[in-house]
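Asker: This is what each chain is made of:
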Amino acid sequence: MAALAVDPHERSEAVRLRYGLQFPILCDTERRVVREWNLFNPEERGGIAVPAILMLDPGLRVLYATQGTVVSRVRAADMLSLVRERRNPSGNGPMQSPRNRIIFPRLREWAAALPDALSRRLLRPRKQRAV
Amino acid sequence: MDEAQIFHPGEIAKDFALPDSTGATRRLSELAGGEGLILIFYRGYW
Numbered sequence: 001m002a003a004l005a006v007d008p009h010e011r012s013e014a015v016r017l018r019y020g021l022q023f024p025i026l027c028d029t030e031r032r033v034v035r036e037w038n039l040f041n042p043e044e045r046g047g048i049a050v051p052a053i054l055m056l057d058p059g060l061r062v063l064y065a066t067q068g069t070v071v072s073r074v075r076a077a078d079m080l081s082l083v084r085e086r087r088n089p090s091g092n093g094p095m096q097s098p099r100n101r102i103i104f105p106r107l108r109e110w111a112a113a114l115p116d117a118l119s120r121r122l123l124r125p126r127k128q129r130a131v
Numbered sequence: 001m002d003e004a005q006i007f008h009p010g011e012i013a014k015d016f017a018l019p020d021s022t023g024a025t026r027r028l029s030e031l032a033g034g035e036g037l038i039l040i041f042y043r044g045y046w
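Top to bottom, those sequences are chains A and B. For the first sequence, our numbering begins at 1 and goes up steadily by one. For the second sequence, our numbering begins at 1 and goes up steadily by one.
The hints are simulated quantities; they were obtained by calculation from the structure and are not laboratory data. Fair warning: there could be bad hints in the mix.
Unchecked claim - When the alpha-carbon atoms are kept at most 20 Å apart in a straight line, the in silico SDA-like pairs for lysine to any residue are as follows: (1) Lys14/B to Trp46/B; (2) Lys14/B to Ile102/A; (3) Lys14/B to Leu63/A.
To be verified - Label-pair ranges, simulated between beta-carbon atoms: (4) Ile12/B to Trp110/A: 37 to 43 Å; (5) Phe16/B to Pro42/A: 17 to 23 Å; (6) Arg27/B to Gly20/A: 20 to 26 Å; (7) Leu80/A to Arg27/B: 36 to 42 Å; (8) Pro42/A to Gly33/B: 19 to 25 Å; (9) Ala24/B to Arg106/A: 32 to 38 Å; (10) His8/B to Ala117/A: 25 to 31 Å; (11) Arg86/A to Glu30/B: 19 to 25 Å; (12) Glu30/B to Leu80/A: 36 to 42 Å; (13) Phe16/B to Ser119/A: 23 to 29 Å.
What the hints assert, rightly or not - Quick look at which bits of chain B chain A covers, simulated, 3 or more residues with Cβ under 8 Å: (14) 6-13; (15) 16-24; (16) 35-46.
Built from N, CA and C at the ideal position, the CB exists for glycine as well.
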């Protein structure tokens, strides 16, 4: 498994260490691959990657590809099922490829994201207005 | 919701090399060698 973003390598390395990721994060800072693969979103923050997942065989043949949006992605559990099915086919016929689902952050995720955003000064508490 | 296809199953992805977050150069074909690869494009961290 590998991830790819256009972030500078310091930021991606911080993500890797923060979450203890066991796979590399590729840094497409020049937006070369995202442009070539038609996964470039020029509308936001100087141009970023469109969320997408590809499953490739060792010969780089595409086995599965999906493109997400800001609010919809293929769920990790669905990807995991796809990988398991490929490794140990259940014999129940071809598996349905996972599809995008709308993301509804859980309360627990909001609870984790808010202090994180505040500590990194992404959100600033509104100053109290003088009365 | 529209699910535009970037690649179609069966297509061969073009190989590339990029630095990873530690500065090491990684080639797609090397990452996929062996068992294959799941490659996740994400919007970034901010």
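Asker: If a hint holds in the structure, say so; if it doesn't, say that too.
Answerer: Quick rundown of the hints versus the structure:
With a C-alpha separation of about 29 Å, the suggested pair Lys14/B and Trp46/B falls outside the 20 Å cut-off, and the hint is violated. Between the alpha carbons of Lys14/B and Ile102/A the distance comes to roughly 30 Å, so the proposed pair goes past 20 Å and is violated. For the proposed pair Lys14/B and Leu63/A, the alpha carbon gap of about 14 Å is at most 20 Å, so the pair holds. Between Ile12/B and Trp110/A the CB atoms are about 41 Å apart, so this pair conforms to the stated range of 37 to 43 Å.
Under the hint 17 to 23 Å, the C-beta atoms of Phe16/B and Pro42/A, about 20 Å apart, fit the expected range. Distance hint check for Arg27/B and Gly20/A: the Cβ-Cβ separation is about 24 Å, which falls inside the suggested range of 20 to 26 Å. Evaluation of the 36 to 42 Å hint for Leu80/A and Arg27/B yields a failure: the beta carbon distance comes to about 26 Å. Take Pro42/A and Gly33/B: their Cβ atoms lie about 33 Å apart, and the range 19 to 25 Å is violated.
With their beta carbons about 35 Å apart, Ala24/B and Arg106/A fall inside the hinted range of 32 to 38 Å. Range check, His8/B to Ala117/A: about 38 Å between beta-carbon atoms, so the 25 to 31 Å window is missed. Range check, Arg86/A to Glu30/B: Cβ separation about 21 Å, and the 19 to 25 Å hint holds. For Glu30/B and Leu80/A, the hinted distance range of 36 to 42 Å is not satisfied, since their beta carbons lie about 24 Å from each other.
Between Phe16/B and Ser119/A the C-beta distance comes to about 35 Å, which lies outside the given range of 23 to 29 Å. With 8 residues having a Cβ less than 8 Å from any Cβ of chain A, the stretch 6-13 of chain B passes the three-residue criterion, so the hint holds. With 8 residues carrying a beta carbon less than 8 Å from a beta carbon of chain A, the stretch 16-24 of chain B meets the three-residue requirement, and the given coverage holds. Residues of the stretch 35-46 of chain B with a Cβ under 8 Å from some Cβ of chain A number 12, which satisfies the need for three, so the listed coverage holds.
In the structure shown, a violation is registered for the earlier hints numbered 1, 2, 7, 8, 10, 12 and 13, in ascending order.
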